[in-house]
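Once you've looked at the hints, dock chain H against the given chain B.
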Amino acid sequence: MKPSTSVNATNLPVLLPKKQWYNFDFMKMLYLVMFLIVSYIVLVPMVILLYSSVGSTKGTLPFEQLTFTMDNYISVLTNPLTYSLLGNTVVFTVGSILIGISIAVFLAWVLERTNFPGRMIVFSLVMIPMAIPQMIYAIGWLQLLNPTNGIINVPLQALFGIEKGPFDIYSLGGMIIVQGISMVPTAFLMIAATFSTLDPTLEEQSAVCGHGIGSTVRRITFPILMPALLSATIFFTIVAMETFEIPGTIGLTAGIPLLSSQIYFATHPPSGLPDYGLASVLGVIMLVFAFVLIWYYQRVTKNAEKYATITGKGYRPTRMSLGKWKIPTIIAVWGFILISVIFPLLSLIWSSLHAWTVPITWETIKSSSLKAYSDVLNMSEIGNITWNTMAMSIGSGIATFILVGIVSWMVVRGPFSPRARRLIDTVAFLPLAIPGVVIGLSLMFFYIYFPIPVYGTIWVMIIGMVTKYIAFGQRTMVSAQMQISKDLEEASQLAGAGFSTTIRKITVPLISPALFYIFIWVAVHAMRELPVLVMLYSPSTLVASTLVWSFWEEGSMAKASVVGVFLIVAFGLLFYCSRWLFEKVTNSGMKTKF
Amino acid sequence: MIRVTRLRKEYQSKENQEPVLALKDISFEIGTGEIFTLLGPSGCGKTTTLRSIAGLERPNGGQIQIGEQIVFDGSRNHYLPAEKRGLGMVFQSYAIWPHMTVGQNVAYPLENKKLPKKEIVERVRASLKKVGLEAYINRLAPNLSGGQQQRIALARALVAEPEVLLLDEPLSNLDAKLREQMRIEIKHIQQEFGLTTVYVTHDQEEALALSDQIALMKDGNIVELGKPFDLYDKPKNRFTASFIGYGNFIKSELVQLDEDMAVVQNSFGRFNATSRLQEKTREVDLFFRPHYVSLYRDKPDQELNVGEGVVTDLIFLGETIEVFIRSGEDIMRIRSHPSFIPHEGERLYFTLQPDKSFVFHCESEASSNNQSAEAEKIFA
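Order-wise, the sequence lines are chains B and H.
The numbering used here runs 465 ahead of the 1-based position in the first sequence.
Counting along the second sequence from 1, when you hit position 276 you're at 270 in the numbering used here, and nothing is skipped either side.
Chain B with its partners taken away, still in its complex shape (with noise of 0.2 Å):
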């Protein structure tokens, strides 16, 4: 403190300075806005879901008129169709869920505990599948297995002498393995990371004890892990609950109706009118289903940090060797990357060359024609969908991590009360429970009636991205902002930075790799999404997704192959791209070189 800046201490003015650390009107301003937002996002569509299962009856839209029945939910729950419906989701939901996360967990231990040769290589390959919307995924699959002329049924055929392939995609155990191998990518990350902290003394422990790798990895690692993978599991279950793409195309075909896929044809029936009480209904019923599970969710993730893992001292991860099992593994690990990875991608290349499903033969071979790459090219709109394609993945990816960045700050750090700041925290995380057809439904109910002109926009495209995503942006940045030592940002504040400054400055190059990550992550889900943008597209919106889901809808397989090319390479140059656009804006803010 310099003397002129001084003041007599006891006739000292009431001096507030201008710009505080704690400017609490503003704060309060901010705390106030944000949750408005937040509440708009998440709570419109929960809200205009349970009125419209009162308020609409077959072909009217709910605000048409204003007379409430609870006729729609007497119809769905005396029709005994619901309860088969009911119970192919059920046998759907857990059966993929077993074979996604058994996958995953045997991969990431592997991965990441054991001496595995390779490991880096295997790690990127698996990961491949989460650049491939699920719906091109399924068009992959239904290439190698459709029972007639699958590619790989065919010389199977041809082998045993039978009339029918031996696989059968077109039923629900087709469905349940295509789904359950399309989460492992996302379950795999989920579990790695918390393989990846356990402390490698726990389990030298054991050793030293006596245990074998088998009597160590059943009572000492699973046990310790069980907290996380429960809640992993638990999230993977709402997750296959509300997945559209595969009920909606191998399960259609099948004429194996779920929840997901039978709120959509409620709304979109191939002939007559639209029933919008009878989607609401099964809507909400998904939406009971899901909060039950997020409940149960809280619980668990509430209890998983018992088991803290990471300690900073000391700490260096040792792995397990295979031993005797190393050929094994190593066989199981490259032949479930050719399953998933390697064989999907080939087919959809294949189909993409073809105008029907064909086996490899010679003849096929020599015919195959890029006539469906020029078709699409050649499309007028093609320039227009490219256009609304880029503008919703980027624009989501973009609100949703501005959004949660300011929302997980207040969160973290914001000097609110913790009331307060738990009570945002919660609402940010509810659209976790709300399946991404009932938020399809329920935007579209709301901006049809209420005059606020996005419907038929990308807009409200942008909004029902940012409502599927915030919750897991949330938890993420959340997260992420936890790691950062508080001292880091109160460092910045002794050296004499103003609030701005020391966001600008500290905070936000801190937690740009995590602001990154969920740009990258929303945007590339928003350019694969499905269930949501099936219930709000228009045609002068279409988008990549929605493009093959007509081209599916009107039986077009080559054409929708080469449009999911297409996004698959697209994938790859967004990344790219955006890591280093953000490795440029994150780099920029330090003024003085030496």
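Wrong hints could be hidden among the right ones.
[Unchecked claim] Here are the computed lysine to aspartate or glutamate pairs in the EDC-like style, where the Cα-Cα straight-line distance is at most 20 Å:
hint, chain 1, residue 1, chain 2, residue 2
1, H, LYS228, H, GLU199
2, B, LYS951, H, GLU199
3, B, LYS951, H, GLU163
Because the hints were derived from the structure by calculation, they are not lab data.
This is chain H only, laid out in the frame that chain B set:
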């Protein structure tokens, strides 16, 4: 100069519960150029006090004055945020920003002052030179060792030439040898710049070595405040005696009490000691440091202040030897010069000095209430 007056801080631990008082009624004054240490076990409020001075924590009441400027006044709702106080601080975690180079870290406080670029570069170089890290100016900070990060944090705290330096357990993450070295270095820098320094630690040895004054804290109160030697040698409080250094507490019976001298009887003998009692109680503890004891093979020729017992254990420590002496159920520890080495089972005599021995209330009676009353007495 820093003056803290009747500082109070509450925390709302859980909803619908009474707030916890982290600081109950803290007052002290630090002279310009002094090193003032806040010492105490974890949760005693020492860090909260430091953070209140820094401006990172807003107290609920009281006043803080730094130099001529009042930075916090609860009664007038006046509060100057940390960035306006112009202090230097080293955090326990060092808080080195991982996305910046060493030079950028140190330059940061100067950038906020909007100084010309040339001056910034010069001052950063000078500051890093002082801590011996000039060569590392373009390194990314996280790649450096703990000791180096510590020096960067120090350079960053000093680069803007503050008059007050705040240190929050700065040495606790270093290994023993480095800790000693940094302790000397911090003292040198502090003296060179005449910095008024507030130092927080739970390590009593560090506090004794560095401080001009120590405030020993417990449960949100200052238990005792004074020069290191006085706290060690003439503790006014049982907690001070037990927290700083090692000492023997021997269960005794109060025989006589006049003014501040007491006579006590225990299984070793009858002793004359300085009283720290507030009232007469039958059961008391006799306290003395292990090295203020003289050992004899033959009984010294005096009535009072002579004890006897049997040697149970010997621990040779190089410069000294520790002798454990037992009588009845009581065991005491004595530090002796290696020129006198008793053997186990030997009967020994010892004498105590009345001005180096103190009589305290027993633990159960000397509850924390008593100690806070004591603390208030000190300030009265």
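Item to check | In rising order, the numbers of the hints this structure does not comply with | outcome: 2
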